[in-house]
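Please work from the sequences and hints to get the whole structure.
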Amino acid sequence: MKQKVSPISTAEYIKRYAKRCITGPISLLKGLSVTVRYFFSPHKIVTEQYPENKKTLKMHSRYRGCLELIEDENGENLCTACGICEKACPNASINILSTKNIAGKKVLGKYLYHLGSCTQCGLCVEACPFGAIRMNQEFELSNESVDSFEMTLNKKEGRG
Amino acid sequence: MSLRRLPPGFREENIDLDTEEFFVNMGPQHPSTHGALRLALRLDGETIIEVVPHFGYIHRGIEKQAESMSYLQYIALSDRQDYLTAIQNNWGVCLALEKGLGIGVPERGEYIRVMLAELGRIASHLVFYACFGGDLGGQTALLFGFKEREMIHDILDEVTGSRLTTNFFRPGGSVHDVPDTFIPRVTSFLKHLEKTMVDYERFLSTNIIVLERTKGIGILSKEDAIAYGCSGPVLRASGVSYDVRKNDPYGIYSQLDFNVPVTYNGDTYDRYVVRIAEIHESIKILRQCIKQFPEGPYRGQEKASIRLKPGSYYSATETAKGLYATYVVAVSGDKPYRIHTRGPSFANLAALNTMVQGHKISDLVSILATLDPVIPEIDR
Ligand code: SF4
Ligand code: SF4
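Residue numbers (the numbering used here), protein chains in the order written: chain X, 1 to 160; chain S, 1001 to 1380.
These are computed hints drawn from the structure, not numbers from a lab. Any given hint could be a false lead.
[Said to hold, decoys possible] Lysine-lysine pairs mimicking DSS-like chemistry, simulated, CA-CA at most 27 Å apart:
no.	chain 1	residue 1	chain 2	residue 2
1	X	55	S	1064
2	X	30	S	1064
3	S	1291	X	30
4	S	1291	S	1360
5	X	87	S	1099
6	X	54	S	1291
7	S	1064	X	87
8	X	15	S	1215
9	S	1147	X	30
10	X	54	X	110
[As the list claims (entries may be wrong)] Which stretches of chain S does chain X cover? Using the computed rule of at least three CB atoms under 8 Å from a CB of chain X, they are:
no.	stretch
11	1155-1163
12	1206-1220
[Unchecked claim] Take a look, some chain X residues computed to stay more than 10 Å from chain S by CB distance:
no.	residue
13	17
14	30
15	31
16	71
17	107
18	112
19	116
20	122
21	126
22	156
All residues carry an ideal CB built from backbone N, CA and C; glycine is no exception.
The following block contains the structure:
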């Protein structure tokens, strides 16, 4: 609507039209040559055959998957139930339930983690002053039941 | 005068009794509106008389949420505004926080920031290339763009731990240092990208169908672009050389040598050309950074909790879409009193109505693609 079309003579119009009839298909072929070249060079295929390559597929070590407590071989963790990670989480995906051990000291009772609301931001790992948690490289986190997203991370009571 | 009522948003005065106008909703579930955006079209046949964008379908109230969050948690939310330029949004927020804390970033940290931001810029422009080609009907271009973008996201995945929602920068630097493989990977990726950019341009830039459908379509004049507050490639395609990286440099951009591509027609084709030229400029910046990449600390002093001095802080950065600004008001404690974001997509979308008038619906699709809006950033 806004652009002005300058009037051109019929001869000029026909000349331009004829020129386009030739240059047009050439430009199309030029673009198509790229497609054809890729078609005949299969080494350039970049897609992953996902479920088939499951065994060899590894995420990078910094990949943020599912939260887990760092445990030694006996299942002991380093968590002191200080609750700093709980405060650092933007969407309350962590609940620390502390308890008292026989000596009357505050220790970790249950480390509740709600995977369903976790956004994999990694702020909890950064905040923990004792290096007790990390994010693993698990990426197939979907599940059929909602209940499986409510996890208790610790197997044993914390040592404080 | 007719007593006919127009749907909300349309301007009553330019009603025309001689034509049979009708109204069509395009979206919110339309593949070429790039997200949950509804465009109410006022049509005369297939010619567009007026378009009114309706948004808010994915409004999450990020700015309000931020008031009950700590500053660090807000950085994670900035990923979720313009998800294509998440790493640059992180930077924008961190700049404002650093002003409030009165801290700087060590040199290596600055280089990491620039390099990741430029990689993010290339990735975002590649998505533009892909969607633009796809919206014009070229499925090959769609797949091409995403192919190289995937390589960038793999690099980002290795460095930041996430492909899209990076959440990587912190006041004073970044969460981690870059791994040793970072520089070699970027070098080999740039080599690869320069080769494929030739293919990219051959594929669309001279294609007659693309030229016919983009040249002289959706012209945005220089005055309108400024009046609507457009920024980024949309503004530069209209002949205004404004780039925050040049005009108001942040980080180490003032030490780097790069040009700001400008074109003057302001049509759909020019907006495409500007973005392709910007990819080349980003490659240039990355090359310089690789050459000068310094050793040393990547993060300045760490603080357990981040408390800003009372006051208000403003930072402006240039993301792939345009001017991304953050305004933080701090009163006390580790939570902001108010945070406001100025997003580029919102202002760019405002110019849509001027650009599409008199064009066909199919042109609207290509014009919208060159605005490159990201709806979560408009809605926030
Ligand atoms: S990764 Fe983020 S969202 Fe998930 S539990 Fe940790 S802090 Fe919360
Ligand atoms: S995981 Fe770390 S931050 Fe969280 S309660 Fe345990 S020790 Fe504290």
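Exercise for review: Run the structure past the numbered hints and jot down the numbers of the failing ones, going up.
Suggested key: 1, 2, 3, 4, 6, 10, 14, 15, 20, 21
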